[in-house]
Amino acid sequence: MRRLVAALRRRWRELSGRSRFERDVREELDSYLEMSEAAHRGEGQSAEQARRAARLELGGLESARETLRSQRTGTRFETLWQDVRFAGRRMRRQPGFTAIAILTLGLGMGASTAVVSVVRSVLAAPLPFRDSDRLVRLRILSTDADGRERQLSLAPVFLDAVRDRSRLIERAAAQRFQDLTLTGGGDPERVVATAVTDQWIETIGVQPVVGRPFTGAEQREGSAARVALIGHGLWQRRFNGSPDAIGSTLRLDDRVYTVVGVMPPQFRYPYESELWFPTTLPAGAAEPADLNAAARMRPGVTVAGLNAELAGIMTGLIRERGVADPSQRVQLVGVPCARSSPATRTAALPRCP
Amino acid sequence: MPERDLLQGTLDLLVLRTVQLEPLHGYGIVQRLKQLTRGTFHFHAGSVFPALYRLEREGYLTSHWAQTEHNRRAKYYGLTPAGRKRLAAERKSWEAASLAIRRVLEGA
Chain A
1 MRRLVAALRR RWRELSGRSR FERDVREELD SYLEMSEAAH RGEGQSAEQA RRAARLELGG
61 LESARETLRS QRTGTRFETL WQDVRFAGRR MRRQPGFTAI AILTLGLGMG ASTAVVSVVR
121 SVLAAPLPFR DSDRLVRLRI LSTDADGRER QLSLAPVFLD AVRDRSRLIE RAAAQRFQDL
181 TLTGGGDPER VVATAVTDQW IETIGVQPVV GRPFTGAEQR EGSAARVALI GHGLWQRRFN
241 GSPDAIGSTL RLDDRVYTVV GVMPPQFRYP YESELWFPTT LPAGAAEPAD LNAAARMRPG
301 VTVAGLNAEL AGIMTGLIRE RGVADPSQRV QLVGVPCARS SPATRTAALP RCP
Chain B
1 MPERDLLQGT LDLLVLRTVQ LEPLHGYGIV QRLKQLTRGT FHFHAGSVFP ALYRLEREGY
61 LTSHWAQTEH NRRAKYYGLT PAGRKRLAAE RKSWEAASLA IRRVLEGA
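Going line by line, the protein sequences match chains A and B.
Per the working numbering, the first sequence starts with residue 1, numbered consecutively.
Per the working numbering, the second sequence starts with residue 1, numbered consecutively.
The hints are simulated quantities; they were obtained by calculation from the structure and are not laboratory data.
Incorrect hints may appear among the rest.
Stated by the list, open to error - EDC-like mimics (lysine to aspartate or glutamate), calculated; alpha carbons at most 20 angstroms apart, straight line:
hint: 1; chain 1: B; residue 1: Lys-34; chain 2: A; residue 2: Asp-146
hint: 2; chain 1: B; residue 1: Lys-34; chain 2: A; residue 2: Glu-37
hint: 3; chain 1: B; residue 1: Lys-34; chain 2: A; residue 2: Glu-22
hint: 4; chain 1: B; residue 1: Lys-34; chain 2: A; residue 2: Glu-34
Can you build the whole structure from these sequences, using the hints too?
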């Protein structure tokens, strides 16, 4: 109890210290002016002249006071409090305006909250990747001598190894995105496009809403067909959402692609992609290839279990193929990209996997 | 000689020096500075007071209210032990700097 009283008293001193400081400054400057005035009068000036000369010498009384005041710490908080009090006074003086302002803000916030909630549940909820808690990103992490971790670009050999050797992974696929220029049939525009390996659609578990996914033949190496899946937004912009889009062609960076399907609204994975086309990787290549890879674990597999298996696969790869610099610790890891709750699932969508 | 602006950073040194011998009030400090420099520099109370408050807050000066010889109340400033040290240090670095400048001017 006594300690509480002491704390309160200290707080009070800090607060009242401010006005004491103000009084101190005022008195000191007044005393300065008096002395200065007296000195000027001593030189034979009139009282009025002396006062003016003294003030001139002080270099502006108010500005001197202001400088001293601003040197004190905590000034910013004090002016904030002044602003708050000023706002409060003004609002009390104009109750009509205040009521309307509060009403407007309240309705605005309420309405946007309502709209966002509805949009989220109607549009976003049905969208997530199928069983997204089974999806992981595959990453190559290298740790140098100083313990710094770096993410390396994934080489095709790792994807091959995961597909061939992992018992815990159901499917895996890789993708690489790039900007392409879309021309013909309207204004040219930049489109983020993604080249995807076979099994990509099965891995992420999202099917086109119009048309069909790529066929096995279209995804095989040396396939002559240039086909593409397009995003819902692109479909609306270029084809007004018409089903005739399927089978029509798009010219991208001087290559012509035939549209075979349209992905669901809001599906823009990865990185705002609006177009997807098949690609193949050179089998077994160990050069980093700017790839991102995703894998779908078998039901019931945990990320920890998967990473134990991947560590074994990596050890084997290094032994057999010498795919990594032995002086560094290189790991192949699976990073989960969504928790299983529906709320985080939609939130994690763009970054996943 | 016309009045000129004080060299940057030297005001602290001069203020500390004026109160070295005995505590002085603000007006006295300004007058003493004018006297000692024979009006070479322009001392505004508006810049001397902020320096005084700052030096006090930094612990180089102490202050107390007292009666002047003309029966007025005024706030007197005096050096603290830290202020004494600071003055010695400032003085040393000023002397080193001015010696260096003199060497340049006379050596060239």
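Between the alpha carbons of B:Lys-34 and A:Asp-146, is the straight-line distance 20 angstroms or under?
violated, 62 angstroms
Is B:Lys-34 within 20 angstroms of A:Glu-34, Cα to Cα?
Holds - the C-alpha atoms of A:Glu-34 and B:Lys-34 are around 18 angstroms apart, at most 20 angstroms.
Decide if the proposed pair is consistent with the structure: B:Lys-34 and A:Glu-22, CA atoms, cutoff 20 angstroms inclusive.
violated, 28 angstroms
Is it true that the CA of B:Lys-34 sits at most 20 angstroms from the CA of A:Glu-37?
holds, 17 angstroms
Going down the numbered hints, you'll see the structure goes against 1 and 3, while the others check out.
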